[in-house]
Amino acid sequence: MKIIIIGNSATAVGAVESIRLYDQSAEILVITKESSLIYSRPMLSHYLAGQIDQTRVAYRDPDFYCRFDVQVITDDAVTEIDLAARTVTAESGMTQSYDKLLISTGGVPIVPPMPGVDAEGVYTFTELSDADGILDRVQREKPVQNAVVVGGGMIGIKAVDALQQRGVSVTMLELAPRILSAAFDQTASDMVSDILRRSGVTVLTNDTVAKIHTVDGAIGEVTLRSGETIPCDLLVFGIGVRPNSVLAKSAGLEVNRGVVVDSFMRSSDPYVYAAGDVAEAYDLVVDMNRTVAIWPNAYRQGAIAGAHMVGVERPDEGGIAMNTIEADGVAAMAIGDANMEDSGQADLQFLSELDERAHRYRRLVIRDGRLVGAILVGDVNRAGIYTGLIRSKVPVNDCCKTLLSPHFGLLSLPEHYRKHVVTGEGIEI
Amino acid sequence: MKRIVIHEEYCIGCRLCEVHCLVQHSESRDIIKAYKVERQSGGGLMPRLLFEESGPISFALQCRQCEEPSCLEACISGAMHRDPKTGAIICDESRCVGCWMCIMVCPAGAIQQSQTLHKIASKCDLCYGAEMPACVANCPNEALTYEEV
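Note that the protein sequences, when read in sequence, are chains P and G.
Heads up: the first sequence begins at 25 in our numbering, then just goes up one per residue.
Heads up: the second sequence begins at 3 in our numbering, then just goes up one per residue.
Treat the hints with caution; some may be incorrect.
[Said to hold, decoys possible] Some chain G residues close to chain P (C-beta under 10 Å, calculated; not the full set): (1) 10; (2) 55; (3) 63; (4) 70; (5) 75; (6) 80; (7) 107; (8) 108; (9) 110; (10) 114; (11) 115.
Derived from the structure by calculation, the hints contain no laboratory data.
Beta carbons: idealized from backbone N, C-alpha and C, even for Gly.
Produce the complete structure using the sequences and hints provided.
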């Protein structure tokens, strides 16, 4: 049995570790277009910030491939999948056959088309080479004076916070009326905005870059949509990613926004799986398949695909959109569906508690008696209990009052659920 | 593998588990020094378990050592791993960057922030493969047991 994995990030690791739990003999080949071996994309902001050196960006030890008996081909992009022949062909001309194929090609950073976008000093922020390029400009003899980050979402904030820690003056641009609008409600957005502004970041909303001006091929200024032109010698697009599904689409697999998969991560071809940012998998909060580009989903989906490829059925119960950021040392989290405004929706109940001076805010959204979303700013302790409640869909009507209590813990929850969490298997909910 | 089993009906809330957990994870392994010196020094010494109490009910909560740990899936640094020898889920504190993804996903809320110079996630390590974790060994009325489950 020969398994080919296209891509070499969280999904690939999840798949490899899962395959080897059940099968020691399958041949595993990873093909990646990148030069570096396995590293962690979410660690790039910590690397850019100077909190860790490059060795710690590695997601697994260097002996990972050897230990799990995996062959890796780097610097080669798969360009074609032949579903009928069960082969993949790469840029180098190499053709490899497979028994099972996992497409984990991840996402492509979104770069809006505009004049000057190919200029030197313009970056996206998803790969190690991006972080190294940005770092090189930040640390060169004539370092960056004015950085502009386009995108006020999670990636944008991570880039902003990292650059800020490097002592670079940063302007953040967000097209929506507020930053973090996809995950946070107005109050949490405002809190993070204030923290960033106080730490020296210029936060501009309802605005983006319209044109890049270059001097000798390098970026020098940008003109904003609002008309203003500001100096800029480093531009980072941190808008987000779209599924890198071209390969799957041209092979003839069913693709919507991402590659359509079932609960075992199988695509429309029974020998081909897709997982991670490229896959459109089940989201249990919105109760439909959608692409959610986050690390935990990528790893878990990879593990589910890996298991199924070697005949072990571990159906996916679904993912939840969630993320954590830090702005000037203040942690913030958004879990599930929590950003909607309270406009008197009949099926929704909003609970919140705000301590502005302590930068502490919690907001919970309950739909039809079940928790569907949580936002935490400042104190994030025990946040996972909310995640557990969202995943398990247990009714929380009877414990609403205690969900935001300062002593919130397992004892705030219904006894049966508490015992289930504490004891696990055997006490079903 | 062996896991810590919580019997909340026997817990009298003495918090000796917490005391002995802290001492076990101190450098001195001395109760007085651990509390009076190490805990105050900003080195981040803290109990790896959470004590919960509400009215007559109380219990000590440690990492549940899940079969399919959410924290391991969510960890971005690779710090969270299953110890090959003991099977316990361990946070390699030299790799952890304190992103709090594990805290965001642990359904028991059993992982805590440790605010040392280097921010790290702090959790139960089953006392590094000890025959009996300190909290279990020092629970006076077997509200914590260590069993093959």
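Going through the hints against the structure:
{"no.": "1", "hint": "10", "result": "holds (8 Å)"}
{"no.": "2", "hint": "55", "result": "holds (7 Å)"}
{"no.": "3", "hint": "63", "result": "holds (7 Å)"}
{"no.": "4", "hint": "70", "result": "holds (8 Å)"}
{"no.": "5", "hint": "75", "result": "holds (5 Å)"}
{"no.": "6", "hint": "80", "result": "holds (5 Å)"}
{"no.": "7", "hint": "107", "result": "holds (5 Å)"}
{"no.": "8", "hint": "108", "result": "holds (4 Å)"}
{"no.": "9", "hint": "110", "result": "holds (5 Å)"}
{"no.": "10", "hint": "114", "result": "holds (7 Å)"}
{"no.": "11", "hint": "115", "result": "holds (6 Å)"}
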